[in-house]
Amino acid sequence: MQIVQKKNTAEVRVEPIEYDGIRRIDVRLWVWAAEQSKMIPTKRGLSLKADEVDSFIEDVREAKTALLQAA
Numbered sequence: 009m010q011i012v013q014k015k016n017t018a019e020v021r022v023e024p025i026e027y028d029g030i031r032r033i034d035v036r037l038w039v040w041a042a043e044q045s046k047m048i049p050t051k052r053g054l055s056l057k058a059d060e061v062d063s064f065i066e067d068v069r070e071a072k073t074a075l076l077q078a079a
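Going left to right, the sequence shown walks through residues 9 to 79 as our numbering numbers them.
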């Protein structure tokens with residue numbers, strides 16, 4: 009699992025999961041829930057099947073290139 013700390017009360021986690029019997033890569037915002045004293049997942053995020061990951065990575069790379077060229 010990869011964790012990107014956003015602030016002390018929020019982080020983005022990238023991890024392999026299984027949902028409805030399908031293995032996926034989940035990229036999700038987790039936040040600190042004080043009433044539960046633990047980090048919990050939010051609805052903010054995305055879940056990709058294995059065959060969708062390479063295309064998604066390429067799309068992110070293209071968006072990064074476009075962003076850097078516009079600067």
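Since the hints were made in silico from the structure, they are not lab data.
Honestly, I wouldn't trust all of these hints.
To be verified - Cβ-Cβ distance ranges computed for the label pairs, FRET-style: (1) Ala79 / Glu43: 21 to 31 Å; (2) Gln77 / Pro49: 28 to 38 Å; (3) Ile65 / Leu37: 18 to 28 Å; (4) Asn16 / Gln77: 15 to 25 Å; (5) Lys14 / Ala78: 23 to 33 Å.
Ideal placement from N, C-alpha and C gives every residue a C-beta, glycine not left out.
Hint by hint, here is what the structure shows:
{"no.": "1", "hint": "Ala79 / Glu43: 21 to 31 Å", "result": "violated (42 Å)"}
{"no.": "2", "hint": "Gln77 / Pro49: 28 to 38 Å", "result": "holds (35 Å)"}
{"no.": "3", "hint": "Ile65 / Leu37: 18 to 28 Å", "result": "holds (19 Å)"}
{"no.": "4", "hint": "Asn16 / Gln77: 15 to 25 Å", "result": "violated (34 Å)"}
{"no.": "5", "hint": "Lys14 / Ala78: 23 to 33 Å", "result": "holds (24 Å)"}
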